[in-house]
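Start from chain A and add chains B, C and D according to the hints.
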Amino acid sequence: MELGLIVGLSFFLAVMSFAVIEVRNLNRATHIYTLQTLTLVLIFLAIAWEHSIGTLYIWAGTAFLTKVLLVPFLILMIIKKTGIKHEEAPFGGLFHPFISLGVSIAVAIMLEPIFIRFSLLKLQIPILVSIFVFMMGILGLVFRKSAVKQILAYCLFENGAHLTLALTAYNAPETVEMGILTDAIFSVIIMGALAMRFFHHFGSLDTSQANELKG
Amino acid sequence: MKSLDILYLIIQVVAIILVSPLLDGIKRIMIAKFQSRRGPVDIFQTYRDIIKLFKRSETLPECGTWVFRTAPYLMFAVMATVIAVLPIMHSGSALSAASDLFLIVYLFALMRFIFGVASVDSGNPFAGIAGSREQMIALFVEPTIVLSAVVVVFLAGGVTNLVEIKNFIGSPEILKVLPVFIFSGVAFLFATYVETGKKPFDMAEAEQEVQEGLLAEYAGKRLALAHGSLILKQIAIVGLFITIYLPWPVVGNPFVSLLLFLIKLVVFYYFASFVEGVSTRLRIGDTRLAASGAFALAFISLILFIIGRVG
Amino acid sequence: MYGNINSAINLLLLIPLAASIAIWAGARWNNRALLFAMHLVAAVATSLAGLNCVASVLHGEKYMILNDFLLFDSISGIFVLVISVVGLLINLYSVKYISWGLENGEIGFNDARLFFSLSHVFIFTMILSVVSNNMILMWVAVEATTLSSVFLVSLYRNRRAIEGGWKYVIICSIGLAFALYGSVLMYSSAYHVIGDAHSAMLWTSLMDNAANFDPELMKVIFIFIIIGFGTKAGLAPMHTWLPDAHAEGPAPASAFLSAVLLKCAMAAILRYYTVMNRIPDMGAFLHQVMIIVGLASVVIAALFIIRQNDIKRMFAYSSTENIGIIASALAFGGKAGIFAVFFHVINHSLTKALAFCTSGNLQEIYGTRDAGKMGGLVRIAPVTALLLGVSIFSLSGMPPFAIFTSEFYTITAGIQSHQYIAIAIFLLGLAVVFYGLVSKFIQVTFGKPAGEVRHASEVSAIANLPLVVLAVIVCVIGIMPPEGLLSLINSAVAIVLNQ
Amino acid sequence: MFIAGAVASLLLYKFQKAASYIGFGIPAAASLYGIWYFFMNLTGTEELIVQFPVMAAKFTLDPLGAFFSFVICLVGFAASLYGIHYAEEYRESARIGAMGFFFNLFMVFMLMVVSASHVFWFMVFWELMTLVSFFLIHFNDSEKTAKATILYMVIAHVGGAAILAGMLIMSSAAGSLYFQDFQGTAVSPVVATVLFLLFFFGFGSKAGVFPIHVWLPEAHPAAPSHVSALMSAVMIKTAIYGIIRTCMWLPLNEWWGIMIIVFGALSALLGVLYALTQHDTKALLAYHSVENIGIILLGCGVGFYGMATGNAILAAAGFIGGLYHVINHATFKGLLFLGAGSVIFRTHQQDMEVLGGLGKKMPYTAFAFLIGAMAISALPPLNGFVSEWFTYQSLIQAAIGAGFSGTLIFTMAIVALALTGVLAVMCFVKVYSVIFTGTPRDENIWDKAKESPVLMVAGMFVLVTACIALGLGAPYAASKIVGVITYITGSGLDVAAGITVKSGTGSIVSPFLISVIFVSMLFVPVIFTMIFKDSTSTTRMTKPWACGAKYTSRMQITASPFTGFLRQTMNWLYRSDVHFKETNGYFGKIEYSSHARDIWWDIIYTPIIKGFSGLARMLNVIQNGRMQIYASYVLIMLALFIILAIFG
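Keeping their order, the protein sequence lines are chains A, B, C and D. Residues in the first sequence are numbered from 1 upward in steps of one, following my numbering. Residues in the second sequence are numbered from 216 upward in steps of one, following my numbering. Residues in the third sequence are numbered from 527 upward in steps of one, following my numbering. Residues in the fourth sequence are numbered from 1026 upward in steps of one, following my numbering.
In isolation and in its complexed conformation, chain A is listed as follows (with noise of 0.2 Å):
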């Protein structure tokens, strides 16, 4: 196996993700995504090191920028705005959590051949970790009830595309870059007001309640 910094840091992330969906205190649940996140600029810093790649640095100031500072100082004001400390239940009831983690991997699995193929770093298990936590995020935002919870899972996936597009494509122009993290920050931002506008009408941040459109 390649050198275990990076190997080990990925282990981390993957861990971090689970226990981000699944735990229920909102509070806790954001603190460990900023854990995540710092996870995720320690890997970053440990490539650009590793393989002597400059961008790697600005990318990894940048992330630590917005999405360790700035995405969680955002939840918290939401949660301290709404006073709602607790998830739901989640859609799944109990068994999700076994769901969504044998999907991921098994897609993380699938898809990693080809990711392997024509990325330019040839890290087979960071880009395995890369997609899995994608696909904790995606799944997360279709099992979750909670909003707030829901932008968590946004996040997540943001970070995992971040990761793949980093280990794929370093090299990318430096403007594809910021567009991709601008976007993750305004939708975070535009999602946190219609969070609170839907708190101001439901009364609470269950999702599920929103199903009077039918047919």
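Incorrect hints may have been included.
What the hints assert, rightly or not - Per label pair, the in silico range of CB-to-CB distance: (1) Val256(B) x Ala1483(D): 43 to 49 Å; (2) Leu1222(D) x Glu742(C): 42 to 48 Å; (3) Glu742(C) x Glu174(A): 27 to 33 Å; (4) Leu1222(D) x Asp722(C): 57 to 63 Å; (5) Leu38(A) x Pro1008(C): 42 to 48 Å.
Think of the hints as simulated: they come from the structure by calculation, not from any bench. For every residue, glycine included, the Cβ atom is placed at its ideal position computed from N, Cα and C.
Below, chains B, C and D alone, put in the same frame as chain A:
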């Protein structure tokens, strides 16, 4: 040649019109005899009735439109046209253009149309029912007539002109297709009997139920004409049957052929009155069974024709 | 010539951005006139810039600016034309619509200000997505359109609008996530082949050396793209957000969404289609995927239309159906097929804008969106009835109007490519849609009004003016399309089919 | 060029919504010009190329087109003349202006359809014709019209789609979109049969052929009378034109001719059977249109059969029957609808049960209606007889030539035609006598009724003269039609000799001679009355005799009992739902009404409608509002496509 034909035509029409009350007299005497009652004095009784009617005064329902008033004339004229058209005396030449099988069938339809409209126009409830029954009888009879006639047309090689048909049937080849001819002949005979409105099938003019249908409202000269036209209708339909199916003693001289035609007519009436005297009136529903029997006969003749020709 | 084009395109992008900021900042004090004035000025300016750019690209020229990050060829020309023409008319109408909203008290002044500024950001992002030459920049722009239009949809402060908005954001971002994966894969495989980081991103270079991409990978990428941008375009199985989002927003917003936004998502799919089409043995697979998605949307939407009672949801489903038509035309391919795609893009955006704005009028007159409570429109507001008639008969494919012509081409393309079963299903779907739309039309225009009528008077002339213009264009384009438009479309077809 | 002339004059009207006089005056003038023009050049072919950027529209006027345009203009002239007064029924001037506007468009589009020779433009005008008639129907706006129009529009649209598909397949085989290039294209027999079926059912849906006739009795009564006159007299003929035009391209085979004949016979029989049970005058006339379309199809079927078997004379005989009946049907059906319209104009009552004795109050309408009724039941002196006579001849000629099954089918067709004739007579006796003769059944209708305005009567009498002229002048008209037929089948048939009309098999009939004999025979009874006329014949007016009881108008026979008997015997076909309510006690008022249901509606249409709405209900489940499920659709679709990519 043309003026001669017209002359024959006029003679033919006048002769038949004059003879028709005679036939009606025969019928009444025959029926009276069967029902063992005295019946009219002699066969000329119908002449006297008609003449008397012409003299009598008239009563008309005030709601009747011009259709009702002119109906007897129209009906009489239509029947006269049919008789004029039958190629009894004049065969071939210009007038034959008018004697066509479908034309005659549709002239009968015209007669029914006028009869129906006049019967409802009179406002008389019984006449209305008579009119609707008249149409119903036609509904059962028409297919048989058309089918059997069409089979004969096939035999005669697709030409619907009565004159050619008469020549064809007169000629010896008829022997080759005799069975087809006989079947269609029987079917046509049955259909004509129903059409004439004699006893078993005279729902339209039934005395007891419908007070003679349309005639109930007429009086005086219109009643005479209406009655005359009904008799003429019977003669016309029988005449059609005779010209198609019994032309045998083909004779050149027109006068002799007219005489032969009248004799055949009297014979037919003789048998018809016999049947009429015996049978009782059928409900209109039952005619359907009788009519479908006739239609089956005509259909068999069609099948025979097809097998015959193909085989 | 080169010089001013460069500035023209920059201008085209800058004006809406500047306008939105100006409106947000400027119209602080609560007076409507200033707000409306600024909005109108911005709208007219954007569309003029747009038309100026389109005029320069009528005969297939191509311009690349900002070190090749922006590309303005005839394909983007068509979409910019749509954005500017339809956008202008919808903006004109939205002024009136918002003033009604303010009078009836449904929305506050701040909401109106938000609405106008956001609509300009929305236009900016759409133009960017159509013009960008860089794959991932295009993805960013499409993602931005979603974000900017969320608050347009959930403008009204009621539960249904919020629900519509929330679903719209969540499902679209899931879809677009897959699209991001697709474009990342595309970039990495392109980089592998072209070798230069910068040009591997650009459509132009991709199109040139498409031949030597490896088909297996391209299949996976195309799937991701179809799923990603398909959700955004409202193709069948992923269209579930469309009726909720389009029905709940204010009429001009939903007109913008379905008339223009869906087309831009379709533009993205079209870009990928042009690249993929040039790879030797990809044609069959492309056709297979597009046919499934296209026919699925036509049939599913058709079956939903006949059940609808709410006018705007019905029009939303008919948008899915028409996007399905565009997808099937793309699937049939060939010269007629691609011509039908572009022609239908223009026709449908015109008609759908007309349809949604008329439903705005109806909502104004009857106070409700439920067709059951409407009736007797002919007597109450004959002009609106006429407009509704034009839009419904055009949507259901009646001849004098534009959509019949593009359907005519689609069917010719289908027959030329011997897809008889597909054509049969296609026609069946159209027939069902016809029944659904026309029966609603009869229910609304004739007979006696079922529910109470808010104000039984013809809607003010100013509001109807843009709609009448739209209606006239729809009629004219069907039979006598202008010369310039035809050459624009033909040059776009040439690009796609790589003649 | 006529088309340009007609279009200019009608379009001139289109923009200025004037009152009814202008509204219908101009089309009347235009159609008059049209009649003269088309009559002149039944054989020439002109072309009009209109340059549109998308597709160069080409309108060629070949004899077939000219013949149908002549029919359109003839009835159009009468209908527009009639319309001038009839429009008053729709009081507000905007409505009349709008009606005039649509009426003109209707005329223009029909003319264009008949002369269009380019796939795209033919389809455009074909659908436009439906669209405009949709608006025209909506003028008398009631709940029933909504159902009628949606049914009409959907069937017409589906038919249009079938035609479009057929034509496009044809054009892809022929390589161009112009009709004349379709002539000699080599199309494999299988494709040819598919095309034929597409065209037959596409156009059949517009003509009201048997299985797809359901919309006709719904849509025509709903329309204003002069519009329904135009629709049923002429619009249906454009469908016949379509069938002939398309079948000229395809390499025919025998079985198509026989199929058309079978459908024709079925439509004829069922049309007239259902007509008998109708109370509403215009619904009755609409069913009769179905019947007459059946008869026309019989003629054309024999024509196609002849073309398929290469026997040109037979083809010519068949087409003469068919085309002659097209023009006859247009005249007397138009006349009947206009007559019914003037009755409705005065009494505002479509139901026959209530009308009665109007003959006295509306003599001209009564006479016109009588002529129309006699013509439609094909009674000798009038035109109906001549065309049915031709059809009979062609069927006989075909029967002789055909094999075993052929003869059987042709003879059965003859019998069906005869039966239809009888039923038609019964039906029109009922209609005419119930409305115009007998005692009036409803007092307030009776005093209100008076003769309809002059122009309406003039419109009707135009068609009356047309009927009589076509009847007596049969030889001249037939020879004109032969010109058209040589265009279709490539070989004519010497039809007319002096005053007689000859058929393929040589049998001749001369309507003129018949009427001469008929008139001469009329003198015979008059002479008889002269001879015996010496009585004091004072004619007394009395109430009709009702065996002594006081006569009331209720005693009179009304429409439904007239055919009541037929309904009992044919109940297996009608399955009428009888509503019999016995009110209190012995002498209570008994309420009895039976209404025949069109069973085809249940057999064919309800299952289709149920099927679609069932499918829609099933699908509704996928839009159940829960967001999580929506999101999962995206994932499922992704999985599906990946599987497709791997295995596809």
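Checklist entry - At the C-beta level, are Leu1222(D) and Glu742(C) separated by a distance inside 42 to 48 Å? => result holds, 44 Å
Next on the checklist: Between the beta carbons of Val256(B) and Ala1483(D), is the distance compatible with 43 to 49 Å?
Outcome noted: violated, 59 Å
Checklist entry - For the pair Leu38(A) and Pro1008(C), does the Cβ-Cβ distance stay inside 42 to 48 Å? => result Violated, since Leu38(A) and Pro1008(C) (Cβ atoms, about 59 Å apart) do not stay within the stated range.
Checklist entry - So does Leu1222(D) sit 57 to 63 Å from Asp722(C), Cβ to Cβ? => result holds, 59 Å
Checklist entry - Are Glu742(C) and Glu174(A) spaced within 27 to 33 Å by their CB atoms? => result holds, 31 Å
The structure fails to meet hints 1, 5 from the earlier list, while all remaining hints are met.
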